[in-house]
Structures are given as structure tokens and as C-alpha cells.
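Full structure from sequences and hints, please.
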Amino acid sequence: MARSRTGFWLSVPVYAAVVALCVAPLLILLAYSFFQVSFVAVLKEPTLKNYVRILGSETYRWLILKTFGSGLMVAAITAVIGYPVAWFIAKRVVAAKSAFLTLLLVPLYTGDLVRIFAWRMLLGAEGVINTFLMAIGVIREPIGALLFSSLATHIVLTYNYLPFMVLGLWLAFEALDDRLVEAAADLGAGATSTFRRVTLPLTLPGLVAGSLMVFVMVVGDYLTPQLLGGASGVTIISAINDLFGTAFDWPLGSAIAWTMLAILALAFAGAAIVISRSSLGKALAAGEA
Amino acid sequence: MKFQINRRGLLKTAAAGAAFGALQPFSRAFAATDLVWMTWENLAKDDYLAAFVKETGVSITKNFIGTDDEQFAKLRAGGASSVDLITPGLDKVEYYVASDLLQPIDFAKVPNAALLYDTFKKTDLGKKDGKTYGIPFYWGINPIVYRADLMDSEPDWSVFFEGDKYKGKLAMRDYALEGIMIAALYLGIPKDKMFDMDDKELAEVKKALLAQKKLLRTYWNSIGDLTNLFASGEVVCAFSWVPPYYDLSARGLKMGMAKPKAGVIGWCDTIAVPKSVEGEKLDKVFSLVNYLLGPEYGEKLAFGGPYAQGTSAALSKLPDDQKEKIFVKDLSIMDSFVWKKNPARYNDWVALWNEVKAS
Amino acid sequence: MIAADRAKDTSGLGNSPLLQGIAVHKDYGGVHAVRGVDFRIAQNSYVTLLGPSGCGKTSLLRMIGGFEALSSGVLELDGQSLDGVPASRRPVNTVFQNYALFPHLSVEENVGFGLAYRSLSKAEMASNVESALALVQMSPMAKRRPRQLSGGQQQRVALARAIVNEPRLLLLDETLSALDRRMRKDMQIELKDLQRRLGMTFLHVTHDQEEAFALSDEIIVMNNGRIEQQASPAEIYRRPATAYVADFIGGANLAPGRILSVAGETAVIDTPLGRFECPSVAGLQEGDKAVLCIRSELLRLQAGEGGFEAVVTHTVFRGAEWLVEAKTQGGIVISLIVDEPEPPLVGSAVRLGFDPARGWIVSAPTEG
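Chains as they are written, first to last, in this note's numbering: chain A, 1 to 289; chain B, 290 to 648; chain C, 649 to 1016.
These are computed hints drawn from the structure, not numbers from a lab. All residues carry an ideal CB built from backbone N, CA and C; glycine is no exception. Careful, some of the hints might be misleading.
Taking CB as the label site, the calculated pair distances span [stated by the list, open to error]:
hint, chain 1, residue 1, chain 2, residue 2, range
1, A, W9, C, G677, 56 to 64 Å
2, B, A340, A, L151, 49 to 57 Å
3, A, W62, B, V342, 52 to 60 Å
4, B, K343, A, T131, 53 to 61 Å
5, A, A41, B, D418, 17 to 25 Å
6, A, A31, B, S565, 23 to 31 Å
7, B, D536, A, I136, 55 to 63 Å
8, B, K334, A, V114, 21 to 29 Å
9, B, K334, A, A31, 36 to 44 Å
10, A, A41, B, P400, 30 to 38 Å
11, A, L113, B, D407, 56 to 64 Å
12, A, W62, C, K791, 56 to 64 Å
A short list of chain B residues far from chain A (calculated; beta carbon distances all over 12 Å) [as the list claims (entries may be wrong)]:
hint, residue
13, F341
14, S370
15, T412
16, D445
17, G452
18, D463
19, P479
20, G545
21, I554
22, G583
23, G594
24, F626
What the simulated footprint calls covered on chain A by chain C, stretch by stretch (three residues with Cβ under 8 Å from a Cβ of chain C suffice, anywhere in the stretch; the number is not a length) [claimed, not checked]:
hint, stretch
25, 34-44
26, 197-208
Next up, the structure:
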């Protein structure tokens, strides 16, 4: 009894910190989302107008959709690239494992601006790739679409967040018992079938964790689209930024932020329900995988 | 001006400022004779201020800002009581006044204000009910900067809207206010109507901006980034600030700077005094304001910046080439300036800008 | 390749073996795990692959299962080479050492896993799964997850998952070793019973000779990458092919010596225990170094003359009898079974004898 009470009191600062640092700002943001702004004065009369504006605005709807679409796409691309890489590191590398993982994380040690400018040097009109292609005569004019395009944005987003996907999958592969893969082959499953019926479900926790990390980070990354996406590099996050900053429309900015949060929460909850209803989910819930 | 822009930090700062501003007053570990100046880093260099500090014995604590918005957020969130002097943009002063954060300038204590250029004396900006709240303190223009080696002739605003000779090689600042002002200049909307455009005019602006977007390589967000784009040849012509012109010329590139006849966007920052400053300290603040408008500071700024002061105090000390650099050699240029001003329907402007970018 | 020759002599119960290995060799980067072995496994037999850990039995099993490639040699199933046939295409199923049940699938989904690769209707699949589970008495657990089962139950599921595919050959890899002794005994009986009822061929790897005896029609004894002997349990026990087999199986008393003469199927050997004329393996010649094997239960305490002397060093009560360990004058440690109320005192001298007709002479192990 006494011990558990001590534990309670010891945990109070932790909860207090979480509430103060995470929950409180979100609640303040939520409160603001129901206010209105008049020039520089925030009118604290609850209204749903901001949300109505978001729903009615093709721009914000499209930007939200575009941002989530980017998140899904990059998560999918990193998953496809990450699977073999994670498998290789977990199952084929023995001695140099830590070296490989370190190598994988090297891009993260550099700042994101450094990475973005490095990519510009690679993809630019006078960049490495265009210069090379022109030198060997494949193209006459530099390919402009390599940089300042959706393509460039997604290449770099993929590059930036691939390590997180690989880390998630790598952990899952380390936990995957090779004998289960052998058992599947033994029972007649070919490579594809083994992947689908055994490897994929058993590494799914890693895939989900990796995808969530990648997705959330892509959604939150507005610097990369802004600096590499060209004229169409606007994201919902930079729009929120504009609203908070230049437009001084904190209520609308808060409302968009909360709309994003709500959609994310709904999507996650939906995914959680789907997973928990599947047989795999039950196994996961029982701590078996 | 906004040299130390850090967009990523902005949202965080703004949100945190809103949430915690009240909990985190700016630290004030200073004596009674210490003044706290919230300003841009490049305006408060020690040697700029040395003469004032020596003469008065007042020490100055600098509180550097990253963006004007950040400064406003800090003040609104309760920071006003711990700052003695702030540096809002001329077009932003009305935010501060509307939020009741400032006190009027006592011109009796600022004799150098008599030397303000006419255009600043006449402007309505920074004033309310006949009282001045923000004194225009230093200023400049945002011209078109271009790679003279890669362009045939000096461009004007139309380069951003028509023809496709430079398609995919242009850049525009990602800033609703200036972006729309330029479109209005291009469309020939008069300067005095520009900030009160009606729906029809805004629709025209939007059309022009949509056409513009197709010609752009990208929108730029920091001047360092734009400089890089010029240097790497990704962009040959942009609505810019002045620094890339000097930086890249110094590095041997043949750069050009165009000031279109249709009008040039001028910017100006002011100094303003928070409401809570009073008594002896207020006198000290005004004596600092006076110094900032005076010849010693003006000369330092003209060479160090290089930027022009709001007054003509230092003009006689400057050689012609330096005057040329800070646009005060031929003062008639001020007539073509369009000073940034807060449009009445600014939220609509921002929405329009976002619509164009998201299209 | 003496071992190989011998394997050919004794292998197989029928004429056409189900599985045949010819000079099967496996080396892992210079480590020779299996050194060119030959063997045959007859249809419908229960064969155990017996040997200490590291003897190569698991490598051999993995090559048969298709999880490892042969370094050289041939494996034939029903007369067809298995070379290049992936594990998934072999009519061979495995019960893995740790069972390797899929944690994300229920018991019935586990059992039905392999049936997806055969053209069966849903109903057929379900009924096959059901009868396989019934066969191992796991029907009530069909909806459970592997994690919710005991070791013995997981074992049965693993078995059902393999046999439901009706493989030509079922491989069992140290399958019972994780179970407690009691359950192991029960499962041994069930396994044997199952094999008979299904008429399936089982190849079972184990390091436990008792288990091998309990289950096998034939035992393949492996040591150091080689097959020492392949024969029925009784044959292996009574007529071990090598001193290693004699020692490993049932711990025979071994007395090294030299062959004095050979006559038909018997030979005379001179050992520190004395000279004895006993049955012997084929191929011995006068003057060969050889080993005399005497099973503990053949030795008797002898009241009168004859036999040889030894000093008792340990006595162990085993319920039905005493296990007595004694040291002969030549320094050979001998164990024997004493079926009397009280054992001889430790330290006392005893005289021991045995019926030479039940002794057994094998070649001395070659050096190394």
C-alpha cells in the first residue's frame, strides 16, 4: 500500500509534465479554434465558423488531402524499399550489423536544411544528374522537373524518412523466428506465399510502427515541399503557418490544426479497429507476435 | 529586416508564445539604467551603439527577434512589461496600437525626429488620432534582382506575369502581402486603392497570380535560399530583397537590380515604446530613440547595413556611392515607393494567396 | 568409407527404399558436418537418426527437408533426385524442434496451412484439419492460439500440421526433447502408434538412445559426420558395428585387445581381462587391434575360479537391481548389474565372469 502510494506521488511530476507540455497546448489550440478574430483582437465567443470555413474551402480540403496523400505515398514507398533492406540487415548481416545501422542513420545526423541543399545540388538544372545526363548525351536540355517538383519532394521525403521505416521493420525482422519461414516452406509455401502468410503478418507491427512514424513526419514536414517542391510546394502546414503568422488568424489556424488531428485520430482509430478485428490483431493483442 | 528568418521555428514559437508567454516573462537581470530593446540582430551591433552607451552610461540588453510576427506574439502574450523598446514594421504598428501595447512618441524628447524624410512625416502609417506610435527608423526597397548575364534587358513586373521566355526560371517571395501588391502594380491598380481592392479587382489579381505561378520555378522563403537559387542558376530573376545583389556581385556574378516605374515596394521598420515604460526610464528610452535617429548611428548603419535611416541626419556624412547604395542619392525615388500597409481584408488576401499556391 | 560399405550391407527393409542418400556431404565453409554418408530408408518404417549433438544428424535432416543444399552427393526420394527441388515442393514435412507454430494463426489455421497448396475444397480442407486434430486429440483446442497451449499440446499441433499433408516422409527434429520425461514416454507411444496407423515413413532425429529404442524399426547411429551403423535396435544393441556404437548405445564395457585367431563368425581376443572366444564383426584378421564388448547385464559375480578380478568402486541402487562399478587390475572400469538384496562392499575384491558366446568383438577405433 505504502509502496504504491509512493509510486503514485513519484509519478505525479511525470503526469504533470505530460499535461503541461503536451495536453495543455493542444487544449488551448482547441479553445482557439472556436474563437473568431477581428483585426488583432480574438473574440472569445464560441463559434463553429472556422470549421465551416475549412469544410467550405476547396483550398484547405485539397491541401489536407494532398498532405495526407503524400504521407501515405511516402509510407508506402519507404515500406517497399525498407522491407528488403531491413530483412538484409536483420537476417544476412552478422558482424557489421551495427555499422550498417549507423550508416543507415547517417542522413539523420545532418540537419534537414543541409540535406535539402545537398539534394538541390544533385537534382538541380546545373546539378550532378542533369550535368551527367547531358555530358553523356542522353538529354540536350536539363530536366527541369527533377527539382522544384512533386517528384523532387517525394524523392527527398522518402530519403529523409526511410531510416525510420527500416528501423521499425528491422526490429520486427530481428524478432521474426527464421524457423517459421522454414516451416512455411516445409508446408508448401513458395517465396511469395511465405511472405504474404508468414513474414508480412509477423512483421506487421514493425510495418505499422514504421508507417506511422513516416506518415506523421511527412505530414509535419513542410520545409522539404517548400524548398524542393517549387511553386506547388505549399502544404497545409505552411498554410497554417501563414495563418498564425502573417494573417494573425490563430482561430482558423487552430481549427485546421485540429481538423488534421481529428482526421489522424479517426484514421488511427479506424486502423486499430480493423487490425483488432483481424485474427492477426487478436494475436498481437495477446502479445504473441 | 528579416534576415534571421527561421520558418520552421516560427509556428512552434508562435504557439509556445501563446501558451506560455505569461509563464515566461523575459528575464530582467539588470540594473535600473538598463534598457531592453527587442530588435533585429543586425541593428544592434555593439559598435553602432557604443557612442550612446559611453555618453549616457545606460546599458542596453538586446532581445533579438526572428520575425515581426514573433515579436507581436511575444508582446501580446504578456512580454510588453519587460521590454522598453521594440522594432515593429511600419505596416504592423497598427496591430500593436489596436492591441493597446504602445504609448505615443513624445517628440519633445526626440529632437532628431525633425529630420525625418517628408514621406515619413506625411504617412499615416504608424499613427493614430494624430499621435505617432512608431517612428520610421530605417528603410529600404524590395526590388527585382536578376542575373544580368542571363537576361537580355532590365525586367519590370510584367516578367512575372506574361511571356514564357523565362518560364521556370523566376521566383517570387512566398508572402501574400507583397505577392498581391506586385500583381496590383502590374495590373495598374492605383497605389491608394491597392489596399482596399474589391472582389472584382481581387479576382483579377488572382487570375494574374495563377498565370504567374506557371512561370515560377519556386516561391522563396528565406533570402539565403534565394541567393542560393541565383548562384546555382535555378533562378535568373526574382522579386527579391537587396542583399543577393550585393552578395553575388561581390562573388563575381553579373547581377542587376531593377526598380520598376510602376512602383517599388518599400519597407520600413519603426521604433516604438511599450505602454508600461514610464518615469526616468522613459526619458532614457527617448534619448535612445533620438540617438537611433541621429547622425552617429545613421552613418554606422549606412556603411554596416548598408541601410538608410529614417532621417536625413547622417546624409551629409556619406559619400555619393554610399548614398547610391542606400537609395538616398536621388530622393525622388521615394515618390515611386509603395509602402507596405495592412490591407483591410488581409485575411482574404492570405486566403487568395493560399488558393493560388494550392491550385 | 568403411562405414558407407557397411551401411549398404545392412540398410533398408525392402528392396526399393523410399529415401536414399548416396555420398551425401555437407560442409559449412570448411567445417565438415556430414562426411559423405550413404543410407536407405524403407517405406513405412520408423527410423531414428541417433547421435550426440554435433554429429551431423540435424544437418542431414535439414538437407532432406530442403532447408540446406548438399555440398555433394545425391538424395533420392522414390528414385527421383531431390536436387534443386525446394522445400516447398518436397512431399516431406517436418515437425520442428521448437514446433515452429505460427503465432498469428489459430490451431486449426496452423494445421490447415499446408492444405492451401493442394487443390481441395473448403469443406475438404476443414474436414482434413478436423481429422488431423482428432488424430492427435487436439480437437477441443482448434480455436486456440499456440501461445495458449502447453508444450505437449503444441507438439501435437505441430504433428497434426505436418501429417495432414500426407507427406511421403515425415521428419521429426528432436521433437520430444523439450517435453518432460513422463510426457515424452506417452508421446513416444503415440508417435509409434500413429506411424503404424498412418502407414507413413517417419525419420526422427534424437540424441536419446532410449527414445530411439522405443520408437524405431531402424536406427542410424551417427558420429562425427559419419554413419556408424544402420540396423534394428536389437541388432545395434547386440551386435554394434563399432566400439563407438557399443559405447554410445547402452554403455557397454569395452576391453581393448588383439585378435589371436579368427574362425568363421567368432574370434579369439587377448585382453587385459583375459582371453576370450566370442562372436565378432566380419573382416577381422589375426593380429588386428580389436575391442571386446560386454554388456553390463551379462557380467556375473563369480564365486569360484575363472573370470577376472576387480575392486568395487561404486554401488548405485536402481530399484530393481544394483549397478556396480569396479576397476580391474588392468585399469579398465567395468559396470555390471547385481540382482541381489545387497551389493558387494565398496573396496572389496570380486571375481567376474560372463558367457563368451554373448560377448562381441569389434575393430578397435582408428586414431582421431
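Inset, instruction - May I ask you to test the hint 53 to 61 Å on the CB atoms belonging to K343/B and T131/A? - result: holds, 56 Å
Inset, instruction - Given the hint of 23 to 31 Å, check if A31/A and S565/B actually sit that far apart at their C-beta atoms. - result: holds, 27 Å
Legend entry - Distance restraint hint 49 to 57 Å, applied to the beta-carbon atoms of A340/B and L151/A: Check passed, 55 Å falls within 49 to 57 Å.
Inset, instruction - Between the stretch 197-208 of chain A and chain C, see if three or more residues pass the 8 Å beta-carbon test, and mark the coverage as holds or violated. - result: holds (count 4)
Legend entry - D445/B and chain A, when compared Cβ to Cβ, separated by more than 12 Å: At about 21 Å from chain A, D445/B clears the 12 Å cut-off, so the statement holds.
Inset, instruction - Given the range 56 to 64 Å, decide if the beta-carbon distance of W9/A to G677/C lies inside it. - result: Hint holds: Cβ distance 59 Å, inside 56 to 64 Å.
Inset, instruction - Verify that the Cβ of S370/B lies farther than 12 Å from every Cβ atom of chain A, and report whether the claim holds or is violated. - result: holds, 18 Å
Inset, instruction - Confirm or reject the claim that D536/B and I136/A have a C-beta distance inside 55 to 63 Å. - result: Distance hint for D536/B, I136/A is violated at roughly 34 Å.
Inset, instruction - Evaluate the condition: distance from the CB of D463/B to the nearest CB of chain A exceeds 12 Å. - result: violated, 7 Å
Legend entry - Status of the given 52 to 60 Å range, CB of V342/B versus CB of W62/A: Check passed, 54 Å falls within 52 to 60 Å.
Legend entry - Supplied distance hint 30 to 38 Å, evaluated on CB atoms of A41/A and P400/B: Holds, since A41/A and P400/B (Cβ atoms, about 36 Å apart) stay within the stated range.
Inset, instruction - Could you say whether the range 56 to 64 Å given as a hint is met by the Cβ separation of W62/A and K791/C? - result: Between W62/A and K791/C, where Cβ atoms are some 47 Å apart, the hint is violated.
Hint compliance for this structure: hints 7, 11, 12, 18, 25 are not met, and every other hint is.
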